[in-house]
Amino acid sequence: YLYLVMEYVDGMDLGKVIEYYALDGELIPHDDVIQVGRSVAKALDYAHRRNVLHLDIKPHNILMGKSGRVLLSDFSVPLKPKQQENTILGTMHYIAPEQIQNNKQVGPLSDLYSLGVVLYEMLTGTVPFDDISPIKVAMQHVNLAPPPPRKINPNLNPATEAVLLKALSKNPNQRYPTGEALINDLEDALAFQLTTPADIRPLPPPPAGIKMSVRRLSQKAMIERVITRMEIFPKITEKDKVSREVLERAINRLQHWHE
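Just so we're aligned, residue 25 is where the sequence shown starts under my numbering, counting upward by one.
Each statement offered as a hint is correct.
Here are the simulated lysine-lysine pairs, DSS-like style, with alpha carbons at most 27 Å apart:
no.	residue 1	residue 2
1	Lys175	Lys40
2	Lys66	Lys90
3	Lys194	Lys160
For each label pair, taking beta carbons as the anchor points, the in silico distance ranges come out as:
no.	residue 1	residue 2	range
4	Asp155	Tyr32	31 to 39 Å
5	Ser157	Asn126	15 to 23 Å
6	Gln125	Asp48	32 to 40 Å
7	Glu31	Met163	32 to 40 Å
8	Ala46	Arg174	17 to 25 Å
9	Lys128	Ser157	26 to 34 Å
10	Leu47	Asn197	38 to 46 Å
11	Ser91	Ile159	35 to 43 Å
12	Ser97	Arg174	25 to 33 Å
13	Tyr45	Asp155	21 to 29 Å
I should point out that these hints are in silico values taken from the structure, not numbers from a laboratory. Note that CB positions come from ideal geometry on N, CA and C, so glycine has one too.
Generate coordinates for the entire structure from the input sequences, incorporating the hints supplied.
Following this line, the structure appears as structure tokens:
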């Protein structure tokens with residue numbers, strides 16, 4: 025007899041979590057989006073460093089344990105890049121364009137495209153392409169630009185939209201090179217989710233003693249990461265005057281706090 029011994033995950037898959045929030049007309053909180061995305065990104069980067077692809081990243085293959093653990097499942101048919109030629113794997117709503125075209129560009133960046141679709145869905149409540157016909161969905165991935173996330177969820181800021189659209193680039197070479205790079209930029213973008221001056225809230229009174237130092241360092245580091253590491257942010261702020269004003273006011277508050 026042959027047996028498969030697998031871990032039992034007490035919880036539910038991400039697809040059900042998305043549906044659960046949708047019942048109340050809500051989206052998954054941004055902190056949870058980052059937690060899920062980073063866990064999946066780490067798993068993919070680990071597999072990719074070992075020349076292994078997943079090729080079916082989707083919410084139903086992302087398991088959410090009650091303990092807070094996030095696990096990537098369904099590595100039942102992992103393929104090395106050369107083994108996937110002439111083989112189309114994946115779920116049409118999440119599949120990368122090159123997987124549909126079955127060309128030699130299928131590789132780690134294909135998995136990251138699918139992760140981008142999952143992140144898009146968590147932040148907007150819908151997948152970028154949908155149709156009753158799976159074939160039509162597949163061709164949309166190949167031929168159509170994804171709808172700008174802000175048209176679906178106006179509460180997203182331009183930087184977050186830019187990260188998602190980069191992750192969903194048709195050309196694999198224009199996507200993020202690793203899952204870590206994708207999630208780092210998304211986390212930085214969501215850190216400045218305020219999009220209009222009316223959204224700005226005053227900082228609470230800083231706690232005394234050591235806690236104040238920790239608060240200062242974390243705020244300063246967060247802003248420095250956005251300014252120095254996100255290449256897209258200067259381009260976004262030039263196009264969106266409101267976002268620029270929000271960022272400048274946040275930095276001014278931080279500088280005043282440090283004085």
